[in-house]
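Whole structure, please, built from the sequences with the hints as guidance.
For the record, the sequence lines run as chains A and B. The letter at position 68 of the first sequence is residue 68 when you use the working numbering, and the numbering goes up by one with no holes. Each number in the working numbering corresponds to the 1-based position in the second sequence with 1000 added.
Calculated from the structure, these hints are not laboratory results. Model, not experiment: these values are computed from the prediction. The reader is advised that the hints may include incorrect statements.
As a list, the in silico SDA-like pairs of lysine to any residue whose alpha-carbon atoms are at most 25 Å apart [stated by the list, open to error]:
#1 A:LYS143 with A:ASP194
#2 A:LYS143 with B:ILE1105
#3 A:LYS143 with B:GLY1099
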Amino acid sequence: MHTRILIVGRGASRLGPVACPVTWEAWDVRTADPATAVGDLANPKAAAFVGLDLTGEAFPAELAALLAASDRCPRLAFVPPAAPAPVGVPEDDVCPVPPPPGAAIFARLERCRVDERVAWLERVGGAKFVQDLTELVRSEIPKAVGEIAAAAAAGDSAAATRTAHRLRSSASNIGARSVSAVAAIVEAGPPARDLPGLAAEMRAAWDRVAGRVEFHRRRAGA
Amino acid sequence: MKRIAVVEDNPDNRLLVRALLSDLFALTEYETGPDALAGIRADRPDLVLLDVSLPGMDGPDVLDHIRADPVTAALPVVALTAHAMAGDEARFLGLGFDGYVSKPIVDEAQLLAAIRRHLP
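Encoded structure:
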């Protein structure tokens, strides 16, 4: 049986080679625009959802509702990385890249995933366990993301793949599903030229939920 | 109390397994395959929970060593793995694992069932 990956949005076709490395050849990857995606996502035969390109498209409320109700793993793709500052401009004075339309809804969905996971963790292990786990992942995840970025910059695909496995596991444990989804792609061994972009996407995905993880760490320790 | 060896390199996975199982079983944790093999041989547990993707000597290699040693050959070994695609369970059972639990662990009952099914 094929696991289905649906990639939605303008530029979705560009995501195909990135989202579907050769090791996932059994997966049925297709693309759709947001208007038709609502119907596709409602189809119970669509077993997985890992791609979501929100750049430049309006984000239908129906799509958000379906995503919120499903246990599929949305992944925000193609958030443009910040342009490098011209020489001489201080790093903290770089013009920010505006978030893509729909990004706020997506980020809220991601935070919900963290909340759901933390609720389960607290039920099975208690507040002290949540505090310990969040303490661990809030240092482990940025460290692994940094290592993958460094490996990507050095063209060291093997190192990126090794670290991505560890990162995927840690991110899954805390419900950071977009981080986990991108880590899975890095782990599957994409072309080396895709690694810097994936590393940037991974960092952005962590930045979207890091505050929520920190919130739960403080709450559990209170 | 039955004894379980947990072989897992990721500290947050060890923390999670500890939270789920430490009230029910006596756990011994190992971070690497070689450490696990030495420890399991010296202090035989009732079951091994073995991460498949360990750095250096990976899970299937560790399993081969366990099966090749008469002292540990009959130990039930349950794969703990983030490889959770269709077909992965059959693949790991084909390698000689007795059971399979996918990560992230999302259902404590499923983990307990996999352990209890294979505990002597």
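Do the hints match the structure? See the list:
1. A:LYS143 with A:ASP194: holds (20 Å)
2. A:LYS143 with B:ILE1105: Holds, because 23 Å separates the two Cα atoms, which is no more than 25 Å.
3. A:LYS143 with B:GLY1099: Violated - the C-alpha atoms of GLY1099 (chain B) and LYS143 (chain A) are around 32 Å apart, more than 25 Å.
Going down the numbered hints, you'll see the structure goes against just number 3.
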